[in-house]
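Novice: One-letter residues, chain by chain:
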Amino acid sequence: MEIVLETKNLAKKYKNFKALNNVNLHLEKGSIYGLIGRNGAGKTTLIRIICGLQEPTSGSYTIYGESNSISDMTDARKRMGAIIETPSIVTEMSAKDNLIEQYKLIGMTNYGEIDDLLKFVGLESTGKKKAKNFSLGMKQRLGIAIALANNPDFLILDEPINGLDPQGIIEIRELILKLNKEKRITILISSHYLDELSKIATHYGFLDKGEIIKEISNEELMKKMEHKIELKVDNPKEFVKYFEEKKISYEVIDSKIINVYGSLNLSKFIADLSKRNLIAEEIHEIDESLESYYMNLIGGGKVD
Amino acid sequence: MIKLLDAGFTRLRKNKLFWILSIFSIGLALFMIYTQYSDMKKYEDIIEVEQLMINYATIVGIVIAIFTSLFLGVEYSDGIIKNKISIGHKRTNIYLSNLIIVTITSLFSYILFLIIIVSIGIPLFGTVTISIRELLVLLGCIFVTIAAYSSIFTFLASAISNKTITAITTIILAFSLMMIAVTCLSKLEAPEYIQEATMINGETKIEQVLNPKYLSESKRKVYQSLLDINPAGQMFQIAGRVAYDLKIFPLYSLGIIIVFTTTGLIIFKKKELK
Numbered sequence: 001m002e003i004v005l006e007t008k009n010l011a012k013k014y015k016n017f018k019a020l021n022n023v024n025l026h027l028e029k030g031s032i033y034g035l036i037g038r039n040g041a042g043k044t045t046l047i048r049i050i051c052g053l054q055e056p057t058s059g060s061y062t063i064y065g066e067s068n069s070i071s072d073m074t075d076a077r078k079r080m081g082a083i084i085e086t087p088s089i090v091t092e093m094s095a096k097d098n099l100i101e102q103y104k105l106i107g108m109t110n111y112g113e114i115d116d117l118l119k120f121v122g123l124e125s126t127g128k129k130k131a132k133n134f135s136l137g138m139k140q141r142l143g144i145a146i147a148l149a150n151n152p153d154f155l156i157l158d159e160p161i162n163g164l165d166p167q168g169i170i171e172i173r174e175l176i177l178k179l180n181k182e183k184r185i186t187i188l189i190s191s192h193y194l195d196e197l198s199k200i201a202t203h204y205g206f207l208d209k210g211e212i213i214k215e216i217s218n219e220e221l222m223k224k225m226e227h228k229i230e231l232k233v234d235n236p237k238e239f240v241k242y243f244e245e246k247k248i249s250y251e252v253i254d255s256k257i258i259n260v261y262g263s264l265n266l267s268k269f270i271a272d273l274s275k276r277n278l279i280a281e282e283i284h285e286i287d288e289s290l291e292s293y294y295m296n297l298i299g300g301g302k303v304d
Numbered sequence: 001m002i003k004l005l006d007a008g009f010t011r012l013r014k015n016k017l018f019w020i021l022s023i024f025s026i027g028l029a030l031f032m033i034y035t036q037y038s039d040m041k042k043y044e045d046i047i048e049v050e051q052l053m054i055n056y057a058t059i060v061g062i063v064i065a066i067f068t069s070l071f072l073g074v075e076y077s078d079g080i081i082k083n084k085i086s087i088g089h090k091r092t093n094i095y096l097s098n099l100i101i102v103t104i105t106s107l108f109s110y111i112l113f114l115i116i117i118v119s120i121g122i123p124l125f126g127t128v129t130i131s132i133r134e135l136l137v138l139l140g141c142i143f144v145t146i147a148a149y150s151s152i153f154t155f156l157a158s159a160i161s162n163k164t165i166t167a168i169t170t171i172i173l174a175f176s177l178m179m180i181a182v183t184c185l186s187k188l189e190a191p192e193y194i195q196e197a198t199m200i201n202g203e204t205k206i207e208q209v210l211n212p213k214y215l216s217e218s219k220r221k222v223y224q225s226l227l228d229i230n231p232a233g234q235m236f237q238i239a240g241r242v243a244y245d246l247k248i249f250p251l252y253s254l255g256i257i258i259v260f261t262t263t264g265l266i267i268f269k270k271k272e273l274k
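Just so you know, the sequences run in chain order U and P. Taking the working numbering, the leading residue of the first sequence gets 1, the next gets one more, and so forth. Taking the working numbering, the leading residue of the second sequence gets 1, the next gets one more, and so forth.
Hints listed in this document are in silico derivations from the structure and should not be mistaken for laboratory results. All values derive from a computational prediction rather than experimental measurement. A couple of the hints might just be wrong.
Said to hold, decoys possible - Under the rule of at most 30 Å between Cα atoms (straight-line distance), these lysine-lysine pairs were calculated in the DSS-like manner:
hint: 1; chain 1: P; residue 1: K42; chain 2: P; residue 2: K163
hint: 2; chain 1: U; residue 1: K214; chain 2: U; residue 2: K119
hint: 3; chain 1: U; residue 1: K8; chain 2: P; residue 2: K163
hint: 4; chain 1: U; residue 1: K128; chain 2: P; residue 2: K3
hint: 5; chain 1: P; residue 1: K14; chain 2: U; residue 2: K132
hint: 6; chain 1: P; residue 1: K271; chain 2: U; residue 2: K8
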């Protein structure tokens with residue numbers, strides 16, 4: 001799988017504060033990578049560095065194989081579009097004029113596609129209305145249209161649904177999915193709206209206190225988030241033998257803990273174990289969400 | 001760079017501030033013509049049209065400060081700089097293109113003023129009374145000083161990310177440069193001798209005495225240098241036609257442009273954008 005973005009031990013220090021600490025991130029082509037972390041975790045700092053707004057204190061990153069340590073990444077950045085915190089729009093100009101401005105910035109002289117682009121983001125009927133009179137959702141969509149002007153392969157969206165109303169959130173979510181599916185754009189999206197991210201992301205990176213503490217695909221995560229039964233046992237080998245025999249999906253967490261996945265009936269499951277003389281010290285039934293997974297991961301609390 | 005300039009001038013044309021600046025230049029020229037014409041009619045004053053042409057120089061610094069801070073301030077407040085960098089434009093090119101746009105717009109404002117003065121002023125007051133060469137030297141010096149002003153304010157607007165702070169800082173600086181220039185000029189223009197009246201036996205006697213405020217030779221050099229380096233000082237001397245050596249002004253202005261642009265580029269290239 002082609003890697004679009006890779007960071008290697010990326011670190012950023014502001015005086016004595018470590019905003020990023022040895023961040024290692026891998027973003028595969030075609031994915032929607034959800035960067036999850038609480039406020040101040042380092043999401044925006046990471047995005048600012050990737051977009052060239054700030055320099056890392058140490059470490060490096062590559063975009064389409066071009067490394068920041070050996071070039072100014074001008075060519076790689078030409079394949080990127082980004083919205084960092086707030087969309088980069090000239091509020092005194094209309095949506096169309098903003099796109100003309102962007103086309104000029106990237107050296108495109110054919111403005112024929114502008115109307116299509118406006119239609120794509122649902123702003124075709126804004127006419128001469130200045131962007132300062134747009135709703136937050138419209139501004140966000142215009143920001144995305146601007147970021148799409150150079151037909152990027154890679155789009156970075158920093159907190160794109162912040163402050164949006166439910167309708168605006170749905171519109172942006174659908175737009176992101178459309179971009180990924182129809183235009184095959186790889187997307188890095190940061191957010192602390194976990195529920196929203198879980199609806200679109202194909203991969204996740206969990207950032208806490210400036211460190212990526214876990215990278216996981218949506219598939220793996222779904223597996224982990226399935227209904228599961230956690231067993232605390234003395235003799236895991238015997239249990240594993242039984243699960244293999246019965247083709248039960250399981251995961252040995254450590255020498256005492258085994259997680260069993262799937263929609264098992266707890267009382268029947270316990271009865272079956274007893275028949276085999278497999279006695280667990282403790283049995284917990286767990287339903288996990290992205291939120292509880294995240295909280296467990298950062299040590300913010302356990303959800304049983 | 002061409003792309004940045006193209007986009008920048010497009011934004012400029014759509015910018016309300018640019019049109020306000022243009023209207024101000026035209027309005028100022030018309031106002032000056034009107035007041036001078038009234039004086040000519042009322043007091044039979046002889047109006048030298050070239051004086052009208054160079055008068056705008058005294059306040060153009062404030063106009064450039066306001067324009068630059070508000071036009072470039074938006075680059076930060078609307079995220080335009082972030083966008084330019086993230087799509088692959090080099091910081092050096094961004095800085096230089098902004099400097100070029102500010103300088104050309106400031107020059108445009110002055111040229112617009114000149115066009116009105118020439119097209120209406122010459123028919124009303126007659127042709128210029130100095131040689132064309134002299135006039136071109138005066139205007140040339142003004143234009144280079146405008147470029148120096150632009151480099152100072154572009155430096156500030158690029159170094160400060162907050163539009164309001166940029167506006168306050170640049171305007172305060174523009175006024176400060178003017179105040180420093182006025183102070184230097186008044187000190188330099190102080191007469192060497194002043195008249196002092198004394199009463200002796202009920203009789204008033206007026207005598208010439210050495211002015212204590214008259215500057216010593218070394219101090220005169222310092223004040224004159226301060227006046228010559230200061231863009232506002234250059235403009236006051238040009239407009240007042242009291243400059244002892246016009247040739248030195250473009251040299252000082254070029255020095256200002258080089259120093260501020262080099263420093264500005266170094267700072268801007270290292271600036272952490274948020």
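Novice: List, from low to high, the hint numbers that the structure doesn't satisfy.
Specialist: 1, 2 and 3
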